[in-house]
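Model the full structure from these sequences, guided by the hints.
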Amino acid sequence: MSDESEVSESPDLADRYLRIIEALLFASAEPLAASDFVPHLGEGADIEALLTRLAEQYAPRGVNLVRRADKWAFRTAEDLNFLLRREQTDNRPLSRAALETLAIIAYHQPATRAEVEEVRGVATGKGTLDLLMEAGWVRMRGRRRTPGRPVTYGTTEGFLDHFSLESLADLPGLEELKGSGLLSNRLPPNMQIPLPFDGPLREDEDPLDPDDIEGQDEPNE
Amino acid sequence: MSDESEVSESPDLADRYLRIIEALLFASAEPLAASDFVPHLGEGADIEALLTRLAEQYAPRGVNLVRRADKWAFRTAEDLNFLLRREQTDNRPLSRAALETLAIIAYHQPATRAEVEEVRGVATGKGTLDLLMEAGWVRMRGRRRTPGRPVTYGTTEGFLDHFSLESLADLPGLEELKGSGLLSNRLPPNMQIPLPFDGPLREDEDPLDPDDIEGQDEPNE
Amino acid sequence: MTPDPSPEWLEPAPPPDDEVMYVDVDGYEGPLDLLLDLARRQKVDLAQISVLALAEQYLSFIETVREKRIEIAADYLVMAAWLAYLKSRLMVPQAASDDEPSGEMMAALLQFRLKRLEAMRRSAMQLLNRPLLGRQIFARGAPEPITVARSSIWEASLFDLLKAYATQRESGIPNDYTPHERHVWSLQDARDILNRLIGENMDWVPLDAYLAEYLSTPEQRITAIASTFASSLELARQGQVELRQTLAFGPLFVRRRKGDRPPTES
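Chain order of the listed sequences is A, B and R. In terms of my numbering, the numbers along the first sequence are unbroken and rise by one, the last being 221. In terms of my numbering, the numbers along the second sequence are unbroken and rise by one, the last being 442. In terms of my numbering, the numbers along the third sequence are unbroken and rise by one, the last being 708.
Honestly, the hints are just simulated from the structure, not real lab data. Nothing false has been slipped in among the hints.
To give a feel for the contact side, a few chain A residues facing chain R, derived at Cβ under 10 Å:
{"#": "1", "residue": "Leu83"}
{"#": "2", "residue": "Asp90"}
{"#": "3", "residue": "Arg96"}
{"#": "4", "residue": "Leu99"}
{"#": "5", "residue": "Ile104"}
{"#": "6", "residue": "Gly121"}
{"#": "7", "residue": "His162"}
{"#": "8", "residue": "Leu171"}
{"#": "9", "residue": "Ser180"}
{"#": "10", "residue": "Leu182"}
{"#": "11", "residue": "Ser184"}
Here are the simulated lysine-lysine pairs, DSS-like style, with alpha carbons at most 27 Å apart:
{"#": "12", "chain 1": "R", "residue 1": "Lys605", "chain 2": "A", "residue 2": "Lys178"}
{"#": "13", "chain 1": "R", "residue 1": "Lys529", "chain 2": "R", "residue 2": "Lys557"}
{"#": "14", "chain 1": "R", "residue 1": "Lys557", "chain 2": "B", "residue 2": "Lys347"}
{"#": "15", "chain 1": "R", "residue 1": "Lys557", "chain 2": "B", "residue 2": "Lys399"}
{"#": "16", "chain 1": "R", "residue 1": "Lys529", "chain 2": "R", "residue 2": "Lys510"}
{"#": "17", "chain 1": "A", "residue 1": "Lys126", "chain 2": "R", "residue 2": "Lys605"}
Cβ coordinates follow ideal geometry from the N, Cα and C atoms, glycine included.
Next up, the structure:
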């Protein structure tokens, strides 16, 4: 609570003023300036001090009295803004580009964007990776110790969860892919499918830079 | 301040709940039901107790948490009404017939049009009832189980909100009217004085016919 | 758009002014309203009014209106008839056998209705005098709307994923293979092939043996056998070959018919 001395009025009068300011601010469609209260309070009231005090009283509450330029308004406390957002989710099939990128990251992880593009043969938009990270299936692991220090990507637990895999070892290998007809028999004999790796950073990986981490927020935060 | 024992949650949790309820109620111009808070609080939260406590916290302030039937809303304090009084906007004034009809429905509900006419001693135009329904103060409740199955009318939450009533029990002069037997439809006031009732359909009321409902759209829907 | 209640009609009744009253019927909300106004002129307390006097006043009012040929709603006339009956009941002593409502009961009913209407009017006024939302009581002036954030739950199956991967890996392989072609032997093809194969051989040879070199792939086998068999029947019909099958589902033997030359290419 604010220091009584800030407000020179007698406690009763100050409380009455505060109630009036509170009601006017609440009912107003627009933020109000200190001068807007004068007709309701009279000349003697120290309106700035009253407003500051009211703001202090509301500071811990779910609604705050905030100053916007010279004006004041009640606004939902920032940490509760999520209440005013309603999530609406719809199920959508993953695009082909995203599916391919995800598959390549899954098998080739840790993989850089350039490596993904090499396998796909086309440039992979940043949006595709963002989408996969938003979906919670792909994460940034670290940075490859090569020129340019590209970010390495890997899959998440959410990925294993979604595709009902116990571990990456459950991803079918070359022979299994052939056996299920997904890969044809006319593959060059030297073709290999890498063993995906989602363990701790490898020797050729550095940890992410502090700046990288920020961009990795989960969507539901 | 309320008794801590009313709210079983730990103080921190209760405070968090109160902030959430406060924020949601502040953000909305319309009254909210306890059930509106459930998605944002756990199942375990005693929302009624929290609302009561919040109402107590706001009771001395310039903005009060008021109850309107089963819903709650922040409204400017009643005693500040002369300060905040706004000039009548360009709304059409309610006709004498409409206001009288509204009062009769409010005090005699559920009431049929014939009953309203009996009290007024004159035919009530359909326009009068339409106007009251358009204003969102009167609604069709059901149909009386008597020959002709006349529609029964009652008041809405919007009526309570507009006239600053917590419930029908707050209708001015209700006790006096009850005592004098003037809420009865019959001359010799019998033992049971009917009280206005806006709850679920009564024994002598049927649900509205499907056709009736269409005409009952709220104006702001 | 909420209609605003207007209280002007709740002002106290104007002072009695017979001249005005007797020509103005439009100012009343029905006969009960008119009776209430007449009663108010009589007494403040409706419980103490003289119903007989009230009935007489009303009837004389209606008489005046009719003399002036002012049109009047039927409601007023119905009330006049009822009041005339009431008046007669009040003035004529009640016979013992009379089971119609007594004048006193009818008078009480009228009093009740007047009291009830007055009470409802008072209540309407009291409602209006309450602090009204939007006039004296206010909701949040700047409500903060709830925004709907659309998010997607992505759907993908493991099969989709593996297929996408396999497709990608295969597409990376240099394109040096021959396109897969489906070999279907037309009847004409089969006949030409059969002719070439049998050649001048005059011994019985199982048809399978002729086809052996074509039987390496299963797809070809089916089409080769089907087309060749059909062609061999055709050749036999033309008398170029002879066919023999010694048992059901046994090997089919074919040989060049003696004396025949293989047909030359036309």
